[in-house]
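S.K.: From first to last, the protein sequence lines stand for chains A and B.
Counting along the first sequence from 1, when you hit position 36 you're at 36 in this note's numbering, and nothing is skipped either side.
Just remember that this note's numbering sits 1000 ahead of the position in the second sequence, which is counted from 1.
Do not take every clue at face value.
Straight-line alpha carbon distances no greater than 27 Å define the calculated DSS-like cross-link-like pairs of lysine-lysine that follow [what the hints assert, rightly or not]:
id: 1; chain 1: B; residue 1: Lys-1168; chain 2: B; residue 2: Lys-1189
id: 2; chain 1: A; residue 1: Lys-3; chain 2: A; residue 2: Lys-211
id: 3; chain 1: B; residue 1: Lys-1058; chain 2: B; residue 2: Lys-1156
id: 4; chain 1: A; residue 1: Lys-110; chain 2: B; residue 2: Lys-1110
id: 5; chain 1: A; residue 1: Lys-98; chain 2: B; residue 2: Lys-1058
id: 6; chain 1: B; residue 1: Lys-1109; chain 2: A; residue 2: Lys-240
id: 7; chain 1: A; residue 1: Lys-7; chain 2: A; residue 2: Lys-189
id: 8; chain 1: A; residue 1: Lys-211; chain 2: B; residue 2: Lys-1225
id: 9; chain 1: B; residue 1: Lys-1295; chain 2: B; residue 2: Lys-1284
id: 10; chain 1: B; residue 1: Lys-1211; chain 2: A; residue 2: Lys-192
id: 11; chain 1: B; residue 1: Lys-1225; chain 2: A; residue 2: Lys-189
id: 12; chain 1: B; residue 1: Lys-1160; chain 2: B; residue 2: Lys-1149
id: 13; chain 1: A; residue 1: Lys-211; chain 2: B; residue 2: Lys-1058
id: 14; chain 1: B; residue 1: Lys-1277; chain 2: A; residue 2: Lys-225
id: 15; chain 1: B; residue 1: Lys-1149; chain 2: B; residue 2: Lys-1058
id: 16; chain 1: A; residue 1: Lys-109; chain 2: B; residue 2: Lys-1225
id: 17; chain 1: A; residue 1: Lys-109; chain 2: B; residue 2: Lys-1284
id: 18; chain 1: B; residue 1: Lys-1189; chain 2: A; residue 2: Lys-192
id: 19; chain 1: A; residue 1: Lys-211; chain 2: A; residue 2: Lys-240
id: 20; chain 1: B; residue 1: Lys-1295; chain 2: A; residue 2: Lys-98
id: 21; chain 1: B; residue 1: Lys-1006; chain 2: A; residue 2: Lys-109
id: 22; chain 1: A; residue 1: Lys-284; chain 2: A; residue 2: Lys-62
id: 23; chain 1: A; residue 1: Lys-192; chain 2: B; residue 2: Lys-1192
The set of hints was computed from the structure by calculation and includes no laboratory data.
Number of protein chains: 2
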Amino acid sequence: MEKYVKKTVKAARRNSYQLSRLNQKVKNDILCRMADALLEHKIYILEENEKDVSAAKKARIKKSFIDRLTLTEDRIFQMSDSLRAIAALPDPLGRTLKGWTLANGLSLKKVAVPLGVIMIIYEARPNVTSDCLGLCFKTSNVAVLRGGKEALSSNKAVFKVLSRAAAKAGLTYAPFFLVDRTEHELVDKLLKENEYIDLVIPRGGENLIRKVTAASSIPVIKHYKGVCHIYVDQYADQIKALPICINAKCQRPAVCNAVETILVHEKIADRFLPVLKTALAKEKVMIKGDDRSRKIVKGLKKAYASDWSREYGDLTVNLKVVSSVDEAVAHINLYGSHHTDSIITDNINRAGQFSREVDSACCFVNISTRFSDGFQFGLGAEIGISTDKLHARGPMGLEELTTYKYIVEGDGQIRI
Amino acid sequence: MEKYVKKTVKAARRNSYQLSRLNQKVKNDILCRMADALLEHKIYILEENEKDVSAAKKARIKKSFIDRLTLTEDRIFQMSDSLRAIAALPDPLGRTLKGWTLANGLSLKKVAVPLGVIMIIYEARPNVTSDCLGLCFKTSNVAVLRGGKEALSSNKAVFKVLSRAAAKAGLTYAPFFLVDRTEHELVDKLLKENEYIDLVIPRGGENLIRKVTAASSIPVIKHYKGVCHIYVDQYADQIKALPICINAKCQRPAVCNAVETILVHEKIADRFLPVLKTALAKEKVMIKGDDRSRKIVKGLKKAYASDWSREYGDLTVNLKVVSSVDEAVAHINLYGSHHTDSIITDNINRAGQFSREVDSACCFVNISTRFSDGFQFGLGAEIGISTDKLHARGPMGLEELTTYKYIVEGDGQIRI
């Protein structure tokens, strides 16, 4: 196993140098060929996927998991489209981020370059395999993928089809790797290879992410969970506030940017809370409240201290009455997950204070928290969302898969 | 100890929210008052420093260490000046790094904000205390400082003077912290507080940095060592190449951006190596060579495999003859520390290839490696140098002490 790990990471590093020399046009052509190959070999991929799905069914794994695991013709079309969309995106490499010239004649440029080798650890979705390979390839990063073992046949099939397409297009080295051995300790060993792997991105549930982070000596970019808030301010337009709250909770409650707690200013709580409660109840949302909101709206369950930092991931929401923006901000910074929080207000000062003081990746004004997403931001892609503060924060697109170097030119200068 | 750690980091996080509300003008005024206070209390600081210095002398600690530990009136003037210089620098916070509007009316801004809490771990230089406090304060980050125990009296004195100046200027909370307890396990405990500390910057020798990195669950930005190269290409202007090599090795051999290995293209090795050898010998440099260079220049010591990745930190240098830029690049990427490497050439293609393919924070063309430094880059400050690829690479100034958040404004948009 030791040998397999070293062999893999050394090859990944070596190939990353080759990949970084490939120009964007060539890479985009290859991405399109990879997209074609997915369609061409869809029967094979579906057959291999069927093996995983029936094994999962036999093992009585829960339905939502099997849903994520299952590929259909339609999903393969989407995977193919998504590779083509990545090919069409602008090149994030080679951008001059900054440039200046000094009095002594030195000319400095800060230029965007690939990170090198990126390891992505994920769970059951086989479409993540092609998406991540595509995003890493586009940015000249060598991807080292490790998917859930329940999806191994599917991942191997997708990987094989894409690898062959790249080879057929003329690549003489592997531009991406799939860790297809399933020993558990393998991942822990890979996570110590900080000389060869530059970044780890875990995608999945909080447990997976905590395990990866604890075991890794390589930098990890992640978000543990999405405990998002909406604060309905005293100066909110309640006509707008209501659909925003409903949208943020109900449109897709299982995802990280759904709202978990709605904070309401005391000056409008008497009017707004009953309306909100009726609307939420109509959508079958289970509502928990603090003492103040339970006085205004009867029949709410009590929200306990631990509820304020829970990511429900379902149709449950907390309500709380607050006396000021300060109180709202303090609550969010204490209990939130620094992901996405939205204020509903028509008052520009309140909006400004909230945006400045809430310590989250995304501070929204008068919109649903559900917009926190790389595609919704117009980034054209998303490799993940970060609630970390180093390197990347919030939705991560292609630019977040680059680092920079300084290129400094002179004509013989020495330091005095 | 547990209690002390929690109390410190919680206060640091809390105060970071307060500090982030302070405007730049107020902060700059306070920085100037801090600069004044250092001068005003220089006798006190020198007295406290004298305690450390005489203890170190008694313990027969080596001279270079005592040099770094010793404060003089002149050094205190420099510390004061440096705070004033930080006050004069442009504000890196609040910059809109990017902004755009989407078809649905959402207006997005990516805005520079403080990181929050930064822990700095360093060794014997008491001037690091005031420099780091100044840089963190300017960027509204709460600094948690842990200096070497040999400098504790000096650090406490500097810290006390600066804290009092900040309090006198009206700050009602501590804008920075000094860890003044010396238990060894204390640092390890602090390094696990990833909820309260956002970034760790270790400054010092490779041993210290490796220990901090291994123990930390907080992101660390660092450079282990500086194994820097100069590659003298076939098309080098040898008149320029010679002083560059001498400057890079001899001007200050103990620092990380001094050169350790000079690679020379085979086409000019016969002419250049003897001249280089003479010039280096004149500066009392000890020269080690590979087999090819030892055939051209007699009397060189042999460079062993392990020498190629050593940071000498003194007047020792390796010479090696290479057959191509490819070979030079491969050598540098294999043995170097991804810090700073310079090509000497008049050929634009060679310069381009070197800059693109050398995987280092700083790729230089026709200049001494000694320019790799925040001040030399014109950043106006330097908190350290990073050979990491995440967040910051190369010399780190004020901008590298910031992160960003997305502020997204709309007027009632929900996701469909």
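S.K.: None of the hints should be skipped; say for each whether it holds.
M.R.: To see whether the hints hold, each was checked on the structure:
1. Restraint check: the Cα-Cα separation between Lys-1168 of chain B and Lys-1189 of chain B comes to about 32 Å, which exceeds 27 Å; the hinted pair is violated.
2. A C-alpha spacing of about 23 Å is found between Lys-3 of chain A and Lys-211 of chain A, which places the hinted pair at or below 27 Å, so the restraint holds.
3. Note on Lys-1058 of chain B and Lys-1156 of chain B: the hinted pairing holds, with a Cα-Cα distance of about 21 Å set against a maximum of 27 Å.
4. Our distance criterion of 27 Å between C-alpha atoms is met by Lys-110 of chain A and Lys-1110 of chain B, whose separation comes to about 19 Å.
5. A hinted pair counts as satisfied when its Cα atoms are at most 27 Å apart, and Lys-98 of chain A with Lys-1058 of chain B does not qualify at roughly 50 Å.
6. At most 27 Å may separate the alpha-carbon atoms for a hinted pair to count; Lys-1109 of chain B and Lys-240 of chain A meet this at roughly 22 Å.
7. A hinted pair counts as satisfied when its Cα atoms are at most 27 Å apart, and Lys-7 of chain A with Lys-189 of chain A qualifies at roughly 12 Å.
8. For the hint linking Lys-211 of chain A to Lys-1225 of chain B, the alpha-carbon distance of about 30 Å lies beyond 27 Å, and the restraint is violated.
9. For the given pair, Lys-1295 of chain B sits about 21 Å from Lys-1284 of chain B by alpha-carbon distance, which is consistent with the 27 Å threshold.
10. Using a Cα cut-off of 27 Å, the hinted pair Lys-1211 of chain B and Lys-192 of chain A holds, with the two alpha carbons roughly 15 Å apart.
11. Proximity of Lys-1225 of chain B to Lys-189 of chain A is assessed by CA-CA distance (about 25 Å); at most 27 Å being required, the pair is judged to hold.
12. Under the criterion of a C-alpha separation no larger than 27 Å, the hint pairing Lys-1160 of chain B with Lys-1149 of chain B is consistent with the structure, at around 16 Å.
13. The straight-line distance between the Cα atoms of Lys-211 of chain A and Lys-1058 of chain B is roughly 48 Å, outside the 27 Å bound, and the hint therefore fails.
14. Using a Cα cut-off of 27 Å, the hinted pair Lys-1277 of chain B and Lys-225 of chain A is violated, with the two alpha carbons roughly 60 Å apart.
15. Using a Cα cut-off of 27 Å, the hinted pair Lys-1149 of chain B and Lys-1058 of chain B holds, with the two alpha carbons roughly 15 Å apart.
16. Restraint check: the Cα-Cα separation between Lys-109 of chain A and Lys-1225 of chain B comes to about 23 Å, which is no more than 27 Å; the hinted pair holds.
17. For the suggested pair Lys-109 of chain A and Lys-1284 of chain B, the alpha carbons sit about 35 Å apart, so the restraint of at most 27 Å is broken.
18. Taken as a hint, the Lys-1189 of chain B and Lys-192 of chain A pair is honoured in the structure, with Cα atoms around 22 Å apart against an allowance of 27 Å.
19. Distance check on the hinted pair: Lys-211 of chain A and Lys-240 of chain A sit about 41 Å apart at the alpha-carbon level, beyond 27 Å; violated.
20. Straight-line distance between C-alpha atoms of Lys-1295 of chain B and Lys-98 of chain A comes to about 45 Å, which puts the hinted pair past the 27 Å bound.
21. As the CA atoms of Lys-1006 of chain B and Lys-109 of chain A are separated by approximately 42 Å, the hinted pair breaks the 27 Å bound.
22. Using a Cα cut-off of 27 Å, the hinted pair Lys-284 of chain A and Lys-62 of chain A holds, with the two alpha carbons roughly 23 Å apart.
23. The hinted pair formed by Lys-192 of chain A and Lys-1192 of chain B meets the criterion: a straight-line CA distance of about 18 Å does not exceed 27 Å.
Of the hints listed earlier, those the structure fails to meet are numbers 1, 5, 8, 13, 14, 17, 19, 20, 21, in rising order.
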